[in-house]
Amino acid sequence: MTIAGDSELEGQIAEWRAYVHRRREMHSTDAEELEDHLRNRITELTESGLRADEAFLIAVKRMGTLDELSREFAREHSERLWKQLVLAKEPSAPAAARSRRELPVMLLCAAVAALAVKVPSLFGVDIADDDGSFYVRNMSLFVLPPLAAYFVWQRRVGPRVIGALAALFVLGAIAANAYPLDDGSQSLAITAIHLPLALWLVVGVAYTGGDWRSDRRRMDFVRFSGEWLIYLNLLGAGGGMLMAFTAGTFNAIGLDAEEFIGSWLAPCGFAAAVIVSAWLVEAKQSVIENMAPVLTRVFTPLFAATLLAFLVAVAWTNNGIDVERDALILFDLLLVVVLGLLLYSISARDLTAPPGFFDRMQLALVVSALVIDALVLLAITGRITEWGFTPNKTAALGENIILLANLAWSAWLLLGFVRGRMPFAHLERWQTRYMVVYAAWAWTVVLTFPPLFDFA
Amino acid sequence: MRITKDLVAASATPLVLGILAEGESYGYAILKQVNELSGGQLEWTDGLLYPLLHRLERLGHVEASWQTPPEGRRRKYYRITEQGLAELAEQRRQWAAVVDALRGVWNSTQAIQPITAPAWEGGR
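Chains as they are written, first to last, in my numbering: chain C, 161 to 616; chain U, 33 to 156.
Hints were generated in silico from the structure; no laboratory data involved. Any given hint could turn out to be false.
Derived DEER-like restraints, expressed as beta-carbon distance ranges [what the hints assert, rightly or not]:
1. U/GLU56 to C/ASP166: 45 to 55 angstroms
2. C/ASP166 to U/GLU75: 28 to 38 angstroms
3. U/ALA96 to C/ASP371: 37 to 47 angstroms
4. U/ALA96 to C/ILE322: 39 to 49 angstroms
5. U/ALA96 to C/THR203: 18 to 28 angstroms
6. C/SER208 to U/THR77: 13 to 23 angstroms
7. C/THR189 to U/GLU75: 40 to 50 angstroms
All residues carry an ideal CB built from backbone N, CA and C; glycine is no exception.
For reference, chain U alone in the conformation it holds in the complex (with noise of 0.2 angstroms):
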């Protein structure tokens, strides 16, 4: 199944500002988290995720620093601020006004199963 771009951009904000509301971290281990989270269905290009990181810095619902390991080569690591868990907080409140009207929506039509995508689209 391949989740369609509005989707990923839509769900792209709340789900960073969660992981890093669990700690600290840098853009590749966010995006790796994205990935096991959403068992390899959200996929993103890679890239897209810097001017996110970016615009969510400039709003100030993160904060980035540079951290230099001992040995090894400088890293831009992204920390949640308070706005941005009141921000995270807003979407989850959005995001499950639409889960529950989508529920609502499932169960009055159950006579709609999910299909499954065609075979010469699998390979996709």
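Pulled out of the complex, with its shape left as it was, chain C reads as follows (with noise of 0.2 angstroms):
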């Protein structure tokens, strides 16, 4: 045989291996026995006499069709034919050195998270019968640090990075504790739906591994919270269950498992779950297909109906918006619940697709919530003028502030594209750019709200 003939033998072996890799059925150990089993039989071939180039058809024949071949394997491998997240990955490439350790490092990083939640019971602040409010401030300071540091691990993050993310936390936990915030105080919980909010973009830096300035990369950073949000609820529920069959049982043999589960199993399991859903989120991103997309598509019609009978309710009834306590509140969340629909379905759309009936639904369910909330607006502000502002007020007004500009111009962009004058990137553009307002703005509460109002 030739030098040449073997290369062309090779080449020919090289592309049916391919074929088969390609047949979800057969894993990659397969493809390898069955590659062996097709060298064997071309030796066998060519001893015989036969060229090279003969011998691997024929080998190829006998070897049965990949059709024929793939069934019988999804037969006895039923399971393949659902996309496995296997936890220990096949030992296939050489690359697997690096992703053999992330697991390990997943485990150490969750592990941390956990315990870190436990060292203030050190100092005799327990989180079961914490009536202070260390943990409301803190809770954040203890669980996204590991996540950070587990993705600055994944990324292998430049040590500039590194100790820009650092002085974030360090200033994350001053503006929490340094401040005099009273057990109970407007500032106490203002600081404490803010400041996960400001170290999630500052997570969200880790995990663009320090190119945080790229709009694809905060895309995919939009993807990444939508989906480990719906994890984190998926373990969360798993969690819920674990936590009252250990109440129960326990009790069933007459010992109170309730201070451990408050004190041990309920915070050491949220900070581990907050890690494991986020490996989660990155084992399974090229398995399974995003669920975020999948919710948007079914929630974006219902929600745009329901916006627009409320429309028509309140033109019907010609009741105004009554302005209770909360009800800024409640608007603030009814956009961020719309900006999401929207979020997603621009991290799931394919950027090129010409609009279509889905994208009107959206602009129809966009238009209508910025019509609801110029309502709520008009009837808030003579309240506010009334009754002078409180950091509450203030923190819901100026979200509500800033989710309506970014929908009024997303609005724009949408009909813009809806009506063909405008691609769909600007819109995704628009979107990625305006994260920098959320951080300005969340920062701003954290650290300049309470001494604004005397913290109080």
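Make one complex out of these two single chains by using the hints.
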């Protein structure tokens, strides 16, 4: 056999292997086993006098068609048709060395987060009988740095970015603890809400591997956030069951497990779940369809219908919106939901696809949310001029304006896109650029609101 | 002569287990042995041996291990287990019963001689 014939044969075998690899039913070890068989057969045929390419053709023919093969493999390994998130990865590529360490590193980060939550109890601040506000202020400071650390390791972030991340976390810790915030004060609640948000965006910097200016990376972080939330909820549901069973079974033998659950299982479990969810999102990224865009598809029409019905009801009954204490927050949340629906449909959209029915639906959703919010703002301005500014109202109003601005411009861009005047990418870029505004606002609230309002 | 698909499928498990009962082996060697034992009359599609081996592995009749010779590609070897030997014995009893029954049928209907395949099917 000549060397040229040899390399030609290798090329043919490689091509065949590529075809086998494309079948989900057959794993790479199966492909290897089959390839070994193919090579044996070719060797035998060439030894009996056939040319390499002839031997290859016959060997492939005798192997059976790939359709037939995958059907048989599927019958034996039907579980493979369900894309599995494998915990122990197949030892396939040499590049797997790092991904093998992925799991231990994740577990380490999760353990650090879980234990960090318990560190204050060494100094007499326990979460279960924490009538004060320590954990309310600091929970995110225990959980999010390990998450950032995980991404720092995974993305091999440079020392300068690590320094910036550390500085931001320290700044957050100072803001949460240096101000004299009274238990039950509005400022405390505001810090408790805005600090996690601010720190989450810091995690975003780690997630992008320091490349936070890139629009694509930012969009990845948006996708990540949505999936992470879904996974956290799933783990939370499982954790809730675990706690219920722990409490129930120990109760049955007359032991009270509630203290253990309250001061260990729940807080440590939550902290670990934050990291595990992040790892799950990363690990299954290429394995399973993202859930957030699917939920978006389901709920965009439903929310649009509800909002339109609400507007019709307002016009019909001529009832003004009764601005109760919590109304502003409720409508803030509504805007957040609408923005989320918009963001996640953007995150999953083929940027080059022409405008379709769904885009019009989205436009209707955004516009009706805008109209409703305008009505709310109209109603609330009167109240604020009447009663003056409090931290709560100011924060809620600020958020409302930020979201309103985002959605108004989004509606404009969406309208342009639906009418075929603008590429969809503009909308995506607008959303990713706008994230800086959220970060700036969250940090402003955390850092300046308490002194601004005399720690009320 | 061409043996029908159903018969090939039914005899595959005892054949493979029987071959492995003689010692550890790998896919291609098993297939060659089947070919020799049947005088080339049992024709398998090569690739279909592997799902069968995997099924036997899942059922616990055989164990598999990857072995790498000093130079060369690694290869998956199969070894029969205790349970596989028991299964083989069971299959053997069942096949003996079938063969006995068939022999009775052939003896009582000796008028029917094995018919040689028509010439136009010979080339298949």
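Results of checking the hints against the structure:
no. : hint                                    : in the structure
1   : U/GLU56 to C/ASP166: 45 to 55 angstroms : violated, 30 angstroms
2   : C/ASP166 to U/GLU75: 28 to 38 angstroms : holds, 30 angstroms
3   : U/ALA96 to C/ASP371: 37 to 47 angstroms : holds, 45 angstroms
4   : U/ALA96 to C/ILE322: 39 to 49 angstroms : holds, 46 angstroms
5   : U/ALA96 to C/THR203: 18 to 28 angstroms : holds, 23 angstroms
6   : C/SER208 to U/THR77: 13 to 23 angstroms : holds, 20 angstroms
7   : C/THR189 to U/GLU75: 40 to 50 angstroms : violated, 26 angstroms
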